[in-house]
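Trainee: Listed in order, the protein sequences are those of chains A and B.
So that you can map any letter, position 231 of the first sequence is 231 in this note's numbering, and since no number is skipped, the others follow by simple counting.
So that you can map any letter, position 271 of the second sequence is 1271 in this note's numbering, and since no number is skipped, the others follow by simple counting.
Keep in mind the hints are simulated off the structure, nothing from the lab.
Backbone N, C-alpha and C define an ideal beta-carbon position, used for all residues, glycine too.
Careful, some of the hints might be misleading.
Unchecked claim - For each label pair, taking beta carbons as the anchor points, the in silico distance ranges come out as:
no. : chain 1 : residue 1 : chain 2 : residue 2 : range
1   : A       : Leu273    : B       : Gly1184   : 49 to 57 Å
2   : A       : Gly199    : B       : Gln1227   : 46 to 54 Å
3   : A       : Gly199    : B       : Ile1196   : 33 to 41 Å
4   : B       : Arg1112   : A       : Asn174    : 28 to 36 Å
5   : B       : Arg1112   : A       : Leu264    : 39 to 47 Å
6   : B       : Leu1169   : A       : Gly199    : 41 to 49 Å
7   : B       : Ser1179   : A       : Ala267    : 43 to 51 Å
8   : B       : Gly1184   : A       : Ala267    : 46 to 54 Å
9   : A       : Arg52     : B       : Thr1117   : 27 to 35 Å
10  : B       : Ile1076   : A       : Leu75     : 23 to 31 Å
Stated by the list, open to error - Examples of chain B residues lying across from chain A (beta carbon under 7 Å, computed):
no. : residue
11  : Phe1219
12  : Val1237
13  : Leu1263
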Amino acid sequence: MLAFLVFSLYPILYTAFIGFTDMKGVVPKEVHVLDNPFENFRNLLFDNELFRKSILNTAIIWIINFIPQLGIALLLTAWFTNKRLNIRGQGGFKILFYMPNIITAGTIAVLFSSLFAYPMGPVNSLYQMLGWSNEPINFLLDKWTARGIVSFIQYWMWYGHTMLILIAGVMGINPALYEAAAIDGASGWQMFLRITLPGIRTIMLYTLITSMIGGLQMFDIPFLFQNGGPDNSTYTASMFIYAQAFKGQYLYNRAAAASMILFLIAAVLSAILFYVMRDRDAARLRKEEKRIRKAAARAQGGVTHV
Amino acid sequence: MYNTPKQSSRFGLQFNRTIVYIVCVFLSLLSIMPFWIMFVNATRSTPEIQSGISLLPSGHLMRNLDVLLGKSFDPITGFMNSFIISAGTTICAIYFSSLTAYALVVYNWKFRQPFFTFIILIMLIPAQASAVGFYQFMYQLGWTNNHLPLILPAIASPAIVFFMRQYLLGALNFEIVESARVDGSGEFATFNRIIIPIMLPAMATQAIFVFVGSWNNLFMPLILLTQKENYTLPIMVNLLKGDIYKTEYGSIYLGLSMTAIPLFVIYFFLSRYIIEGVALGSVKE
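For reference, chain A alone in the conformation it holds in the complex:
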């Protein structure tokens, strides 16, 4: 019990405290709380363009990674759990899809930066072999390509994980529901929309929150891939904290303030997610009730947004 207090609570509170002070520099010295305790926070939020950019990058990279990740994971879940399709070799596919997740992120980042190397890297060779381009392309110079590649790596590492969790969620749904639906003549797609999706809603919330927190911490891949470049387009919030605190000026106070902002963002986003998902649940229930009462024709449009 004490361990939790020492290793979790104390560093957090201490970080929060540093955020209000003037602690910086390599040489330890007397630390004072600033005259204006929120000076560090104000500086970050309003004057520090790099910090805003890093938050924005983190968000962009997370979003373009998470949407296809959840999409493909859902699709695979639907396929793998569909009894009529009865896909063989599932175990093998699962093992392969999950594989990238187990390898050190740093290794993968450096590997990909070698694969996309300019002027002669494997991806460039592939492009020329397929005749897509005659000139070598310097992929890593373009901002959006670089963001895209970082997102792709994230996506590639995590979709297997998401899929396994979703499949586990589907397995937890009462099979009687599917049998009943099958007797009523529901198509596979209908069953997926009406039974599977509502059934795994909590699990999806769980994936969403864990992925989001993971996304906020994104560090290894952008750091080792291009060190935030080109033009800071893959510079993430965690890299900002690292660079502020442990490089150059050792601005511990500013890094601590940035950490707290990051923490607040995580807390707020989690709260919003909980709220949204719960609200939808209630809304869906109301619609279900309506549907039962009213004619079947009205029902089609109501539930599809789930």
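Starting from the known structure of chain A, arrange chain B on it as the hints suggest.
Mentor: Just chain B now, kept in the frame of chain A:
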């Protein structure tokens, strides 16, 4: 007429199945290809790598190895450091989390519920949020450049406590604890002799994840370790990107392969448990 819809649906099913297989095979290739290229390129010379991709290994492995080891990259030290830290972390995390979970399940103390809520809250906090405070704390203790600050915090691993608690709730029979007490077994002895064997399956699954997670961790070691002889493998990967290997592509790939091989070995022996573990972790809520 009667047969037509059935036949078309069967055809549709076949068609769907084909698409599913094509997509799955494509995704599998996507998982394998980068690593395959990495391993193949580890055996090729720089001119060969520059002349294009190949799926067949070449014969320059030893030369690449020489170049790799001739510079500051030291995979053996990195491997040992990573191993010590990961093993230490795993032992601490698993043992103490089980102990905490046991306390949460078996003993009825005043702050049980608040403490559990507190653990869940900590789970949601990003590691970076407390990194600066943690570093300062360790700095004042003089523990930077030491493996201890990387191992000891594992004693408090909220996610594992959570998992263990859920497992214990399902698996533990209170009568066993009671009868052990009647027989005069001390509390720690009860835990070590009776509870641990019960929890072993859950502990094994979690141990894999803790080990791999700790092995792959870059952020904390990067902050805390500044001396080369303490570097872990993920930090060493960073060295590969440096200028010294600029033109030695084969060596870079070889270095990368060396950091990945231990994980591939673990994964292929334990993949079944890993995949079950991922699923378990999410559903047992």
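Trainee: Against this structure, judge whether each hint is valid.
Mentor: So, going through the hints one by one against the coordinates:
| no. | hint | verdict |
| --- | --- | --- |
| 1 | A:Leu273 <-> B:Gly1184: 49 to 57 Å | holds (51 Å) |
| 2 | A:Gly199 <-> B:Gln1227: 46 to 54 Å | holds (52 Å) |
| 3 | A:Gly199 <-> B:Ile1196: 33 to 41 Å | holds (35 Å) |
| 4 | B:Arg1112 <-> A:Asn174: 28 to 36 Å | holds (32 Å) |
| 5 | B:Arg1112 <-> A:Leu264: 39 to 47 Å | violated (29 Å) |
| 6 | B:Leu1169 <-> A:Gly199: 41 to 49 Å | violated (23 Å) |
| 7 | B:Ser1179 <-> A:Ala267: 43 to 51 Å | holds (45 Å) |
| 8 | B:Gly1184 <-> A:Ala267: 46 to 54 Å | holds (48 Å) |
| 9 | A:Arg52 <-> B:Thr1117: 27 to 35 Å | holds (34 Å) |
| 10 | B:Ile1076 <-> A:Leu75: 23 to 31 Å | violated (44 Å) |
| 11 | Phe1219 | holds (5 Å) |
| 12 | Val1237 | holds (4 Å) |
| 13 | Leu1263 | holds (5 Å) |
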